[in-house]
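Novice: Sequence:
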Amino acid sequence: MLLALLALVGGCSAIPGGSAPPPPVTLAASVGPGAVDVAPVEPLVVSAAGGRLTSVTVTPAGGAPLTGTLDPSGTRWTSATLAYDTEYRVQAAGVDERGTPGAPLDQTFRTVAPEQTLEIESIRPTDGQTVGIAMPVSITFDAPVSDRAAVERRVSVTTSVPTEGSFRWMSDEQLNWRPKEYWRPGTQVSVQARLFGVDGGEGLYGAEDRSFAFTIGRDQRARGDVNEHTLVLYQDGQELRTLPASYGRDVYPTQYGVHVAFEKHEVKRMRSDTWGGPGEGQPGFYDENLPLAVRISNNGEFVHVNPDTVRQQGRSNVSHGCVNLSPANGRFFYDWVQMGDPVEIVGSSRPLTTRDGDIADWTIPWEEYRQGSALASA
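Each residue of the sequence shown is one higher than the last, beginning at 1 in full-length UniProt numbering.
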């Protein structure tokens, strides 16, 4: 009798009809219901927990539904890019693991109307360009960026070979990236600036995405010694040619440091008052057209032909800061140099600094350069 009673009690623990039913499917969107001033930096995501999606429709007011993609599991739908200043209605349905429909999702939200949009004004290098081993990446914006970290997070530099490098804000409008050491020749570089929708601070939002790619050319560099009055050209680690040169006189010294070649002019008009030199009517003023000019900084320094100083080239320094070459040597250098080649000047009394133009990246020690990233301490 006791055994029978125990058996009866034990039998009471079983649940008739098998296992408990699964929980209902739950649907959610990455933007909350009724949200306003939503930055469209990321697409809208609709997800299902405890089941799968059976339909998703995201419709802008007065427009056609957005396209989107559903992942293989059927639990996550991702929209195409959202627009600014738009109200969207999100409608979705789903079923649980047994196919039972759950509560549908039906909500609206509105994206932000920017007070101002942030445009990329210029890039360097240009898309498809082949450049020298010292050329930094440079993105110049059309307005000052107050939230530098938010913008920098949306910019990436990808290289075909492992390359250590860092971003640095050269100003509120200019974001640069350079490798720790000169680029390796043949490196393929891709830059992605996914700026649409990013909040740059103070009502400034990214206007569009931008991408560009470039290639690092052969390893060549020039080394100018102001005391030896020479400009020595190296290619692939070997000395190629030594050119007699004349550098800046004592009062206008050619600045020492790593310059970067970044413009070529068959003929360039040069005036002394454009870089802070003597003005018109003052002693030393000049206004002349000079041939085969390669710009190496924004402070008025060029490597160029000057027939008037050929007798001094290789012997003394008589220029206003430029590197003077003879017509034959100037032609060789002009044809040989790549945009982005380093021109390393030594022996001068005055350093090249960040005040001397927008390609002064190599004048900054590496650890200091890295600290110029808005994400250095993030």
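One or more of the hints may lead you astray.
Distance condition first, Cα-Cα at most 20 Å in a straight line; then the derived EDC-like pairs of lysine to aspartate or glutamate [what the hints assert, rightly or not]:
1) K180 - D358
2) K264 - D358
3) K180 - E368
4) K268 - E280
5) K268 - E288
6) K264 - E280
7) K264 - D335
8) K180 - E164
9) K268 - E239
10) K268 - D219
11) K180 - D219
12) K264 - D127
13) K264 - E228
14) K180 - E344
15) K264 - D287
16) K180 - E367
17) K268 - D308
18) K264 - E344
Across the chosen pairs, the derived CB separations fall in these ranges [said to hold, decoys possible]:
19) L375 - V346: 17 to 25 Å
20) R184 - A149: 27 to 35 Å
21) G281 - R241: 39 to 47 Å
22) R350 - A376: 28 to 36 Å
23) T130 - P33: 50 to 58 Å
24) G62 - Q116: 19 to 27 Å
25) P21 - R76: 44 to 52 Å
Derived by calculation from the structure, the hints in this document are not laboratory data.
Just so you know, even glycine gets a beta-carbon here, dropped at the ideal spot from N, CA and C.
Novice: Flag every earlier hint the structure violates by its number, smallest first.
Specialist: Numbers 6, 9, 10, 13, 19 and 25 - these are the hints that the structure violates, sorted from lowest upward.
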